[in-house]
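Novice: Can you make the complete structure from the sequences, with help from the hints?
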Amino acid sequence: MTTKKEIKNSPKETIEITGSEAMIRSLVAEGVETIFGYPGGAIMPIYDALYDFGHHVKHVLVRHEQGAVHAAQGYARVSGKVGVCFATSGPGATNLITGIADAMIDSTPLVCVTGQVTSGLLGTDAFQESDVIGISMPVTKWNYQITSPDEIPEAIAKAFYIASTGRPGPVLLDITKDAQFGKLQFAYEKCTKIRSYVPEFPTDKKHLKKAADLINSAQKPYLIYGQGILLSGAEKELLSFIEKTGIPAASTLLGISALDSDHPLNMGMLGMHGNYAPNIKTNECDVLIAIGMRFDDRVTGSISTYAKQAKVIHIEIDPAEIDKNIKTEVAILGDAKHTLRLLTTLLEEKKHTEWVNEFLVARNKEEEKVIVHDLNPSKPGMTMGEVVRLSTNLTDNKAVIVTDVGQNQMAAARYARFSQSRSWVTSGGLGTMGFGLPAAIGAKFGAPEKEVILFAGDGGIQMTVQELGTISQEKLPVKMVVLNNDFLGMVRQWQELFFEKRYSFTEITSPDFVKLADAYGIPAATVSERKNLEAAMKTMIDAKGPYLLEVKIEQEDNIFPMVPAGASVSGCILGTDEM
Amino acid sequence: MKQEYIISAYSENHIGLLNRITIIFTRRKVNIESLTVSESALAGISKFTIVVNEEKGKVINIVKQIEKLIEVLKAFYHTNEEMIFQEIALYKVPTQALMESDQIEKMIRSHNARILEITKEYTVIEKTGHKEETQALFDGLNQFGVLQFIRSGRIAITRSPIEKLSEFLRERDALFSKLEAKEK
Chain A
-8 MTTKKEIKNS PKETIEITGS EAMIRSLVAE GVETIFGYPG GAIMPIYDAL
42 YDFGHHVKHV LVRHEQGAVH AAQGYARVSG KVGVCFATSG PGATNLITGI
92 ADAMIDSTPL VCVTGQVTSG LLGTDAFQES DVIGISMPVT KWNYQITSPD
142 EIPEAIAKAF YIASTGRPGP VLLDITKDAQ FGKLQFAYEK CTKIRSYVPE
192 FPTDKKHLKK AADLINSAQK PYLIYGQGIL LSGAEKELLS FIEKTGIPAA
242 STLLGISALD SDHPLNMGML GMHGNYAPNI KTNECDVLIA IGMRFDDRVT
292 GSISTYAKQA KVIHIEIDPA EIDKNIKTEV AILGDAKHTL RLLTTLLEEK
342 KHTEWVNEFL VARNKEEEKV IVHDLNPSKP GMTMGEVVRL STNLTDNKAV
392 IVTDVGQNQM AAARYARFSQ SRSWVTSGGL GTMGFGLPAA IGAKFGAPEK
442 EVILFAGDGG IQMTVQELGT ISQEKLPVKM VVLNNDFLGM VRQWQELFFE
492 KRYSFTEITS PDFVKLADAY GIPAATVSER KNLEAAMKTM IDAKGPYLLE
542 VKIEQEDNIF PMVPAGASVS GCILGTDEM
Chain B
350 MKQEYIISAY SENHIGLLNR ITIIFTRRKV NIESLTVSES ALAGISKFTI
400 VVNEEKGKVI NIVKQIEKLI EVLKAFYHTN EEMIFQEIAL YKVPTQALME
450 SDQIEKMIRS HNARILEITK EYTVIEKTGH KEETQALFDG LNQFGVLQFI
500 RSGRIAITRS PIEKLSEFLR ERDALFSKLE AKEK
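For the record, the sequence lines run as chains A and B.
The first sequence: position 269 = 260 (our numbering), numbered continuously.
The second sequence: position 17 = 366 (our numbering), numbered continuously.
Be aware that a few hints might be false.
Unchecked claim - Straight-line C-alpha distance at most 20 angstroms; calculated PhoX-like pairs for lysine-lysine: (1) 315(A) with 413(B); (2) 513(B) with 318(A); (3) 405(B) with 184(A); (4) 423(B) with 351(B); (5) 513(B) with 315(A); (6) 466(A) with 506(A); (7) 378(B) with 149(A); (8) 527(B) with 196(A); (9) 149(A) with 211(A); (10) 527(B) with 315(A); (11) 423(B) with 197(A); (12) -5(A) with 49(A); (13) 184(A) with 417(B); (14) 407(B) with 351(B); (15) 197(A) with 72(A); (16) 184(A) with 378(B); (17) 328(A) with 299(A); (18) 351(B) with 315(A); (19) 417(B) with 351(B); (20) 200(A) with 211(A); (21) 149(A) with 184(A); (22) 227(A) with 341(A); (23) 469(B) with 480(B); (24) 201(A) with 341(A); (25) 181(A) with 72(A); (26) 328(A) with 527(B); (27) 455(B) with 315(A); (28) 302(A) with 527(B); (29) 149(A) with 181(A); (30) 441(A) with 49(A); (31) 413(B) with 318(A); (32) 405(B) with 315(A); (33) 480(B) with 513(B); (34) 405(B) with 318(A); (35) 341(A) with 211(A).
Treat the hints as calculated values from the structure; they're not laboratory data.
Specialist: Pasting the structure below:
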């Protein structure tokens, strides 16, 4: 029997409760509304406490702990809040690691709580004991093992403060079973300061001025931005900046949706499978302004030939990213929102019409050689691009698009259109296949009012397909599109282009996805001909509950443009004929 | 070009900090030549002194990654020339050898070493200095057979007149007040 406990907001007053109850009350005090998790022996006391607080916090039972952490990531990405997940000790905890590593490299704020064996058994190879503190150390922003109930409120306060401030990231709290059972005098106070941690440095006015001078005197300035815009909520500031200065802008994979796809100065996406103009213009601009991005190798291609002609201005919150990959002329430490606001006031109003036209010429070249074939194919087989574009057309560019990893991801990044911020969820740095389906679950909980559409390949969806069970149990209206080409498409593409078409273990069979969905009570359909696509897509979007649509895709299509690994961004190619 | 650098890091005295710091080196396949950890002049703050043989760029990157750790207050890197540093070495030689000739005694005098303990079987000698110096004494004594030998990690202080950490903590207090003022 659940005994519905009420939480009153009187933080100064202490009450004697168990560690488990303190855990739940602390999470509620941090504004947590949704937890993704999976119970097990060492976290049972916390689950027992959770039983009494269902009216304060929603727990979503996943089918595998990896699903919990990816769901928490999806939730965090669309909501801007900290994603929370629970797992038990041992295998429960180790199953979280992939998602934690993903969140670390993609700066996603998470608090992961893992149960641990009783403190007296630590280090004895007890049942379901794993050194999750040691294992997660390189992939967390911070982690901590709680062995006494008294530590709980402070540890949670610190965890949320660390996860959500500065450059966000995942935090793991490992809590022994005796700390969950034990009692404490509970009072909650949020953490606002840690003496050894400076989330954000004050803006250096001299550097700001130097950057402004460079931008004001530039002939061919070019702005590239990353997820930092979304993380600091700087979408409006970015818009004011480019509209005042007339500077063309392009996004990293994770910066997508920070700027309206239809904005005339939005030149598209950077990187290996990014748009042609943004890549080649990197090596033609005279001032390169990089904001909230980290010059990942998939963005830069060969570093020795990257933007050598340009003076680079880097606006970044994490000091360790400055000069890490690309040497800067001016670096401004700070969050994107605050810095952009200050910088824009120092800039002159301009229009770089000719320079912007150069981008448009390059864009037309890509349009003719790639886009037109992807969106209006002459072949009978469907392309991923046309499926993606149709879905965002039918949702007025307002849907949250979640992807898995590979060709499906690149097609979605290239062809989905966005009019709303935080409506793009993908695994960038780690490139985690299997991310998509659980992340879409989290995204739907994070933005229940929005349409959430997943694009996954036939390979990736099978990595975490058990989460259909979660969707079914929650009756969660997630729309899933499986782009099925019977191949591990991106690896196959590389095998075709760089391994003499030796298709080593990239042909993959799939279950009957319609029957599989049906087994979970989820309506589904398959489309194999273009003439049926639009109607099928409409049926999916109009569905009130979850829906799975399998689309049979042309088997051996490639994603272009492409900056081959190790090549320069100016060597961005538009098709196999250029190789 | 690779050369010796001394990395100093100041951190909260918390469990696991050593591990957090060393994995930064492991991940980049950088070998730690020497490592010393102890409480600094400020109670509750540990000081790490780490010697590596690396290129400057990599050292700068490592120092930034160390500083990024939540519980690390500050990290620095210096070349050997910028610091005064010492190591300590203990040598155990057979007392018989000491008795049989005056060579060992001369060596102790000329190397500025000292005897810590003498028993019938063995004598323990202590020497502080740079690695070359402790090594030179080892090579000398080893002619008579060194029974046991141990050398510590390096400890180092800067040539600047004040402890950099105190200066740093003052700056950080000022920074926090500035940030708090901004919020208000």
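Novice: Hint by hint, note whether the structure agrees.
Specialist: Here is how each hint holds up against the structure:
Annotation: proposed proximity of residue 315(A) to residue 413(B) holds, straight-line Cα distance about 10 angstroms (limit 20 angstroms). A hinted pair counts as satisfied when its Cα atoms are at most 20 angstroms apart, and residue 513(B) with residue 318(A) does not qualify at roughly 27 angstroms. Our distance criterion of 20 angstroms between C-alpha atoms is broken by residue 405(B) and residue 184(A), whose separation comes to about 33 angstroms. Distance check on the hinted pair: residue 423(B) and residue 351(B) sit about 24 angstroms apart at the alpha-carbon level, beyond 20 angstroms; violated.
Only pairs whose Cα atoms come within 20 angstroms are accepted, and residue 513(B) paired with residue 315(A) is rejected, the gap being roughly 25 angstroms. For the given pair, residue 466(A) sits about 18 angstroms from residue 506(A) by alpha-carbon distance, which is consistent with the 20 angstroms threshold. Taking the CA atoms of residue 378(B) and residue 149(A), the gap is about 31 angstroms. The hint is violated against a cut of 20 angstroms. Our distance criterion of 20 angstroms between C-alpha atoms is met by residue 527(B) and residue 196(A), whose separation comes to about 14 angstroms.
Between residue 149(A) and residue 211(A) the alpha-carbon distance is near 45 angstroms, which puts this suggested pair outside the 20 angstroms criterion. Annotation: proposed proximity of residue 527(B) to residue 315(A) is violated, straight-line Cα distance about 28 angstroms (limit 20 angstroms). A C-alpha spacing of about 24 angstroms is found between residue 423(B) and residue 197(A), which places the hinted pair above 20 angstroms, so the restraint is violated. Of the pairs offered as hints, the one joining residue -5(A) and residue 49(A) holds, with about 13 angstroms between alpha carbons and a cut-off of 20 angstroms not exceeded.
Annotation: proposed proximity of residue 184(A) to residue 417(B) holds, straight-line Cα distance about 16 angstroms (limit 20 angstroms). With a CA separation close to 10 angstroms, the supplied pair residue 407(B) and residue 351(B) stays within the 20 angstroms bound. Simply put, residue 197(A) and residue 72(A) have alpha-carbon atoms about 33 angstroms apart, too far for the 20 angstroms limit, and the pair is violated. A hinted pair counts as satisfied when its Cα atoms are at most 20 angstroms apart, and residue 184(A) with residue 378(B) does not qualify at roughly 34 angstroms.
About 28 angstroms separates the Cα atoms of residue 328(A) and residue 299(A), which puts this hinted pair outside 20 angstroms; it is violated. Taking the CA atoms of residue 351(B) and residue 315(A), the gap is about 18 angstroms. The hint holds against a cut of 20 angstroms. Taking the CA atoms of residue 417(B) and residue 351(B), the gap is near 24 angstroms; set against the 20 angstroms cutoff, the hint is violated. Pair hint residue 200(A) plus residue 211(A) holds up; C-alpha atoms about 19 angstroms apart against a cutoff of 20 angstroms.
With a CA separation close to 9 angstroms, the supplied pair residue 149(A) and residue 184(A) stays within the 20 angstroms bound. Between residue 227(A) and residue 341(A) the CA atoms are separated by roughly 18 angstroms; this keeps the pair inside 20 angstroms, and the hint holds. As the CA atoms of residue 469(B) and residue 480(B) are separated by approximately 29 angstroms, the hinted pair breaks the 20 angstroms bound. For the hint pairing residue 201(A) with residue 341(A), the CA-to-CA distance comes to about 18 angstroms; that is within 20 angstroms, so the pair holds.
Distance check on the hinted pair: residue 181(A) and residue 72(A) sit about 15 angstroms apart at the alpha-carbon level, within 20 angstroms; holds. A C-alpha spacing of about 18 angstroms is found between residue 328(A) and residue 527(B), which places the hinted pair at or below 20 angstroms, so the restraint holds. Note on residue 455(B) and residue 315(A): the hinted pairing is violated, with a Cα-Cα distance of about 53 angstroms set against a maximum of 20 angstroms. For the proposed pair residue 302(A) and residue 527(B), the alpha carbon gap of about 31 angstroms is over 20 angstroms, so the pair is violated.
Between residue 149(A) and residue 181(A), the direct Cα distance comes to roughly 8 angstroms. Compliance with the 20 angstroms bound is thereby established for this hinted pair. Annotation: proposed proximity of residue 441(A) to residue 49(A) holds, straight-line Cα distance about 19 angstroms (limit 20 angstroms). With a C-alpha separation of about 15 angstroms, the suggested pair residue 413(B) and residue 318(A) falls inside the 20 angstroms cut-off, and the hint holds. The suggested pairing of residue 405(B) with residue 315(A) holds, with an alpha-carbon distance near 12 angstroms, which does not exceed 20 angstroms.
At roughly 25 angstroms between alpha-carbon atoms, residue 480(B) and residue 513(B) are farther apart than 20 angstroms, so this suggested pair is violated. The straight-line distance between the Cα atoms of residue 405(B) and residue 318(A) is roughly 14 angstroms, inside the 20 angstroms bound, and the hint therefore holds. Distance check on the hinted pair: residue 341(A) and residue 211(A) sit about 12 angstroms apart at the alpha-carbon level, within 20 angstroms; holds.
Consistency note: the structure conflicts with the earlier hints numbered 2, 3, 4, 5, 7, 9, 10, 11, 15, 16, 17, 19, 23, 27, 28 and 33.
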